[in-house]
Amino acid sequence: MNGPDLLGKHFGVLKSRMGTFYPGSHVVFRGHDLHQDLKDMDWLALYVFGITGRRFGETQLRLMHAIWTYTSYPDVRLWNNRVAALAGSTRSTGTLGMAAALAVSEASIYGGGILMRAIEFFIRCRQRIEQGEDLIACIHQELAAHRSIGGYGRPLINGDERIEPLLTLARSLGLDQGPHLKLAFDVEARLLGGRWRMKMNYAALVAALGADLGLSAREFYLFMFPVFLAGMPPGYIEAGEKPEGTLYPIPCDHILYEGQSRRTWPRSNNS
Amino acid sequence: MADNSNPHTIRTSIWREEAEADNPFATRVAYCRGYDVYGEMLGQARWVEMLYLLFMNEAPTPAQAELLESLALALANPGPRDPSVHAAMCGGVCGSTAASSLMAALAVGAGQLAGGREVYNAATGWAACGTDLAAWRHWFAEPAIEPGSVWSTPEHPPGFDAHGVSTATPVKQTLACLAGYGVGPRLPWLLKNQPDLEAAAGRPLALSGVAAAAFVDLGFSPEQSEMLHLLLRLPGAAAHALEQRPMGYKKFPFGVVELEGDAAEQTA
Chain D
1 MNGPDLLGKH
11 FGVLKSRMGT
21 FYPGSHVVFR
31 GHDLHQDLKD
41 MDWLALYVFG
51 ITGRRFGETQ
61 LRLMHAIWTY
71 TSYPDVRLWN
81 NRVAALAGST
91 RSTGTLGMAA
101 ALAVSEASIY
111 GGGILMRAIE
121 FFIRCRQRIE
131 QGEDLIACIH
141 QELAAHRSIG
151 GYGRPLINGD
161 ERIEPLLTLA
171 RSLGLDQGPH
181 LKLAFDVEAR
191 LLGGRWRMKM
201 NYAALVAALG
211 ADLGLSAREF
221 YLFMFPVFLA
231 GMPPGYIEAG
241 EKPEGTLYPI
251 PCDHILYEGQ
261 SRRTWPRSNN
271 S
Chain L
1 MADNSNPHTI
11 RTSIWREEAE
21 ADNPFATRVA
31 YCRGYDVYGE
41 MLGQARWVEM
51 LYLLFMNEAP
61 TPAQAELLES
71 LALALANPGP
81 RDPSVHAAMC
91 GGVCGSTAAS
101 SLMAALAVGA
111 GQLAGGREVY
121 NAATGWAACG
131 TDLAAWRHWF
141 AEPAIEPGSV
151 WSTPEHPPGF
161 DAHGVSTATP
171 VKQTLACLAG
181 YGVGPRLPWL
191 LKNQPDLEAA
201 AGRPLALSGV
211 AAAAFVDLGF
221 SPEQSEMLHL
231 LLRLPGAAAH
241 ALEQRPMGYK
251 KFPFGVVELE
261 GDAAEQTA
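Sequence order for the protein chains is D and L. In this text, residue positions in the first sequence follow this note's numbering: the first is 1, and each later residue adds one. In this text, residue positions in the second sequence follow this note's numbering: the first is 1, and each later residue adds one.
Next comes chain L alone, as it looks inside the complex:
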C-alpha cells in the first residue's frame, strides 16, 4: 500500500488509480485531479480540457479552454522550414524510427530560437515585467545572465523575431485572435502595446512571444509554458516526417559545403 514510509511508491497529486479485483497491476478506474477519466470525462471533456487539467489543479473555464485550443492550433505546425520540423524530416527521409523524429524535433525545438527555452525565457519576462512597459525596457536592456548554464546566452530578446523586419502576418493574426478571449491581462495589453514593446526589443514580435503571453495568461509557469510549447509543436513535425518517408532523401535538400580556412586545403 502507498504510504509515506513505502520507498516504492510514486507521489502525485495528478493521478490516482484503483485496481481491478483480480489484478493489482490492472487499472479499473483512473482519476485525474479527482475526475473519473474513462468513466466520466471520456466522451464529455475536450482534449484541451484534459491537457489543462493535467498541468493545473482545476479544469479550465470555457474561455481558457478556447484560448488553449486556439493556441494549440497556432503552434501545431511550425512548417517544413522550421528547424525542429526540418530535424524531424531528417529522420523521416532516411527511415529512422518514429520516436527519433519526434526526439529530433524536441531537441532542435527546445532551443532559444523559436523553441521551448525561448518561451521559458519570454514567460519569465512576463512574470517579471507583467504589463509594465518600463519594466520590459529594463528587462531588455539588462537581460539576466546565468553563469554555468547549459543554455548559451540568448542572442536576441526572447519572444521576438531574431531575423524579422516587421511583424509577420500570422503573428498578428494569432495575437488578435488569442487576445479576444479575454482570459488574462497580458494578451490584450500586448495587442495594444505591441509597437512600443517591439521598439523596446528592437525586433518584431514572434509567435513564441505571443505563445508565452498566452501561456502566462492561462496561469502556466515558465516551466509549464516551456513543456507545453514543446508538446504542442509536435503534430506538424510528426506529419512532415511521415510525409518525407516515401519520398526519401533524394528529394530532400542536402546542400553544398564550402570549406573555409585550414579545412579548405584538403578539398582537392
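Isolated chain D (complex conformation):
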C-alpha cells in the first residue's frame, strides 16, 4: 500500500506501541502504567527506557548519569551554551534559549553530529574487523570519507580532561572491558602513531561506552540529546542578572569586514 491509500489508512487514528494517556485515569508508557509500574523509576532510567524499551542496571545507569554530568560546563564561551546565555542577555525566555542551545548542540564538530558519527563508526568498524578486515583499512576509509574520525581531535585543544574521570568511573563499575572501548583505544593508538596526531576525545569515549552498553547508534544519539543541558541554565541566569545586552557587546569597529568596498546601489535594477 502506498500513495493516498497509505495516507488514508492513517487518517484520524494514531496507532502506537509506545503509549498514550487516558485523561483522569492512567498513562501507558511502553506498555506500563506510568503512575503504578514506573513511578519509582529514576528519570534517566525512564528516559532510556522510553528510547530503548529496555531497563538498565544500577551500574549502567550510574555510568550514563556520569556521561551527562562530566560534560556539563557552565561556560558561556562554548557555542551552544552561549546561545542560552545570549537569550538571557536579550531577555528572551529560558525555554527558548535552552531549546535553541540544545538544537545548536547537534553540531558537526562537536555534540550530536560527531557523537553519531563516532558510534556508527565503532559499530561498523567492529563488524568489519570481525569479518577479517584490518583496522587501518577502516580508518583510511573513514578519513577518506570525512577527513577525520568522529571523536578524535578536539576543536580547541588536542586533549580532553573528561576522559580520565569517566574512565576511572567505568573501571570502578566494571564497565571498561567492552569491545568497542578497546577498539576506541586501538583507533587512538593508530591515529597517534600515524601522521594524524589526533587523540581520542569525549565523544569517542562515550560513543564506545554507549555501544558497549548495548545502545544502537540511534538509541545513543537520542540518549545523548540533553547531554549539555545542565551547563546551560547557569549562563542564562547570570546573563539575565547582568544589565541587558552586556554579554558579548561588540563595537561597530570590531567587525572585520572582508567584502566589497563602498559602492552605489544599482537603481536601474528596480525597474
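It is worth saying that the hints were derived from the structure and are not from the lab. Keep in mind that this is a model prediction, so the values were computed, not measured. A hint or two may mislead.
Said to hold, decoys possible - Which stretches of chain D does chain L cover? Using the computed rule of at least three CB atoms under 8 Å from a CB of chain L, they are:
id	stretch
1	7-17
2	88-95
3	98-105
Unchecked claim - DSS-like, lysine-lysine: derived pairs with alpha carbons at most 30 Å apart:
id	chain 1	residue 1	chain 2	residue 2
4	L	192	D	15
5	L	192	D	39
6	L	192	L	172
7	L	251	D	9
8	D	15	D	39
9	D	15	L	251
10	D	199	D	182
11	L	192	D	9
We put the beta carbon where it would ideally sit given N, CA and C, even for glycine.
Use these hints to put chain L onto chain D, whose structure you have.
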C-alpha cells in the same frame, strides 16, 4: 579596532558598520556588500533584492529578483495540512511563545519530506547531474548514503512527491511560471523533461524539487538553498499559528490513539 590579531572581532564579507560619533556601539551607517542599507537601499531596493544580496556577493539581475520573488510567493504558505505548519499551530493553539511556533515550524520543516533537507539533497542532485537525464537516472538508482549522519537515509527521491500519484497542479503551475523567467538552464530543462525525470524517479515532481531547481538556477549552493527554503516557508506557519491562538485547542484536531502490541494490554 578590527584586525586579524584581535580575537574579539567578527569576520564577515557581508556587513560593515560605522559608529555614531558619540557611541561606538551605535550604528551610524550599515553597508551590505558595500551598499548603504539605510541611506540608499531603503526605499529603493526590493526585499528580495536584499535577500539575494545577503547570500550572494552581487545584487540580483531584474530577472533573478523576479524569479526569487515568485519562488518566495510559491513557498510562503505550505498550508495548514503541512507538518511544519501543523507544528507551528500546535504552538498557537495552546498559547506557546511566538518564537516557539516558528522553531517548531523550522524543526519539522527541516526534514527530508518536503523540508529543508529535501531541498538540500535535491539541490545536490542538480549540482551533480545538471541537465543530464542519464546522470539523474544513475543518481536515483544509486543514492549517496552518508554513514553516521544525523539525517536518516532518504526514503524517496529528493524533490519528488513521496505519496503522489500525479504531478500536483500547483507544482506544474509553479514550474511553468518560474521557468518563464529564463534565469538558468535547469528550470526550462525540468519543464521540458519532467515526464522523463518523473519516470526515472518513480514519483511525481514535488514543489521541493521545483524550488531546488530554482535555487540552483539562481546560483545558490545546496546549503544556501536549504537555508532559504527554511526561511521562505515561515510566513504561512506564523500566520496559521496566530490564527489558531484565539480558537484554542478544542477546535484543533487531537486524534485518537489505538495502542498496539504490548502497550494494548494497559488500555483497560
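Outcome of the hint check:
Look at the stretch 7-17 of chain D against chain L: 7 of its residues bring a Cβ nearer than 8 Å to a Cβ of that chain, three or more, so the hint holds. Counting residues of the stretch 88-95 of chain D whose CB lies closer than 8 Å to any CB of chain L gives 3, so the stated coverage by that chain holds, three being the minimum. With 3 residues bearing a CB less than 8 Å from a CB of chain L, the stretch 98-105 of chain D meets the requirement of three and the coverage assertion stands. The suggested pairing of residue 192 (chain L) with residue 15 (chain D) is violated, with an alpha-carbon distance near 42 Å, which exceeds 30 Å.
Proposed proximity of residue 192 (chain L) and residue 39 (chain D) is contradicted: the alpha carbons are some 62 Å apart, above 30 Å. Between the alpha carbons of residue 192 (chain L) and residue 172 (chain L) the distance comes to roughly 12 Å, so the proposed pair stays at or under 30 Å and holds. Distance hint between residue 251 (chain L) and residue 9 (chain D) is fulfilled; the C-alpha atoms sit about 23 Å from each other, no more than 30 Å. At roughly 25 Å between alpha-carbon atoms, residue 15 (chain D) and residue 39 (chain D) fall within 30 Å of each other, so this suggested pair holds.
Under the criterion of a C-alpha separation no larger than 30 Å, the hint pairing residue 15 (chain D) with residue 251 (chain L) is consistent with the structure, at around 22 Å. For the given pair, residue 199 (chain D) sits about 15 Å from residue 182 (chain D) by alpha-carbon distance, which is consistent with the 30 Å threshold. With a CA separation close to 35 Å, the supplied pair residue 192 (chain L) and residue 9 (chain D) exceeds the 30 Å bound.
Checked against the numbered hints listed earlier, the structure breaks hints 4, 5 and 11; every other hint is satisfied.
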